[in-house]
Amino acid sequence: MAAAAPPPPPSDVPEPRMAPPETTPIGHPVFTRIRLATPLDVPFIHKLIHQMAVFEKLTHLFSATESSLSSTLFLSPPFKSFTIFLLELSSSPIPPLLSPSPSFTPIEKTFNFDLPLNDPEKDVFSVHYGSDQVVIAGFVLFFPNYSTFLGKPGFYVEDLFVRECYRRKGFGKMLLSAVAKQAVKMGYGRVEWVVLDWNVNAIKFYEQMGAQVLPEWRICRLTGDSLQADQNANV
Amino acid sequence: MAETTPIGHPVFTRIRLATPLDVPFIHKLIHQMAVYEKLTHLFTATESSLSSTLFVSPPFQSLAKTLYFDLPLDDPEKDAFSVHYGNDQVAIAGFVLFFPNYSTFLGKPGFYIEDLFVRECYRRKGFGKMLLSAVAKQPVKMEYGRVEWVVLDWNVNAIKFYEQMGAQVLPEWRICRLTGDHLQAYQNGNL
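Line by line, the protein sequences give chains A and B. Everything in the first sequence is counted per this note's numbering, starting at 1118 for the first residue and increasing by one. Everything in the second sequence is counted per this note's numbering, starting at 102 for the first residue and increasing by one.
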């Protein structure tokens, strides 16, 4: 369970402004696509999750391996269980997928920035489609949950993460919106996630997306040894 | 609870998987929970919506335990919650609804408990613990990582119960929810 990585605090360096591409076609176009992850993406997913753990100072809780991810994440069709959207990014148009999933049409959007985006980890996160270099910029992992009050499923967003060099540009909003759109398409009732109560930047972002932060609910967790104890419990 | 001294009033209990035939009971139980949580304004489930959404996937079995109580249990709603097995009348006392979730840090699934509810006349007798323990046993069997749920911060009885079960209540996390018109606004996805 992880909250979205909050945007970094404001710095003295002016941030690139995003000009709408239709009216100001000067600058640096950035082509983006949201698609479903496949088992081939597990190395990227593993690295992204680890980056999130570093960011949240929770690496002591991180024990996922590429193998555990591969064997647990792709057992069911998209949206019926754990589902990952990846955000891909390139300075040239992204070639179409060779075998797109029938369950989901990739979402594409072109941004225009005043300055080129600099990615110090470009090689680690590159996906090669023929000769084009496309990078993975972030991901969202979500799965169905259920609301008995509504009598219908919803989506729970477990992870939302954008790599550091790509933050504060609207990519987190793009990923979360994609989940919301899918929920509406499927007739689901809610999209839910959690946030740390001191994470004011993330809270602001979520409220701007139309979400409410519910002040009275607390997470309860039974894990590790306590779980083992219940196994043997004379119930 | 005197399991070694079977004097008093035996109450036979069983936890079993729900089936579509139980939907009327489930609907009433959820409504009672909404009343308890002062959230009836959020309650719109119908028997039809529950039937069509709750039984689309296979489940994963019964445990039976006899509890002994000093006084007979009085159930003012017995008729509304009766299941008839031949001549025997069995009452539905409560339920737990749960589903798989996922921890990316652990790289494995867990369970999330959406609802745990025991009817008022059956509270404070260990039935909630029995239901919660039944869920907690499953993940260990299936090599899952965690069991999670939520509690209202004013529900001191529940918090105490959960801590006694070995759960931690995490103070810093807050639920975010996108629903209703705010969710519908994403239909045309101007991302």
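None of these hints come from the bench; they were simulated from the model. Check before you lean on any hint, since a few could be wrong.
With a straight-line cut-off of 30 Å between C-alpha atoms, the simulated DSS-like cross-links for lysine-lysine are [what the hints assert, rightly or not]: (1) Lys1197/A - Lys261/B; (2) Lys1290/A - Lys1302/A; (3) Lys1197/A - Lys129/B; (4) Lys1321/A - Lys139/B; (5) Lys1269/A - Lys230/B.
From a predicted model like this one, the values you see are computed outputs, not experimental measurements.
The hints, checked one at a time:
no., hint, verdict
1, Lys1197/A - Lys261/B, "35 Å, violated"
2, Lys1290/A - Lys1302/A, "18 Å, holds"
3, Lys1197/A - Lys129/B, "27 Å, holds"
4, Lys1321/A - Lys139/B, "27 Å, holds"
5, Lys1269/A - Lys230/B, "27 Å, holds"
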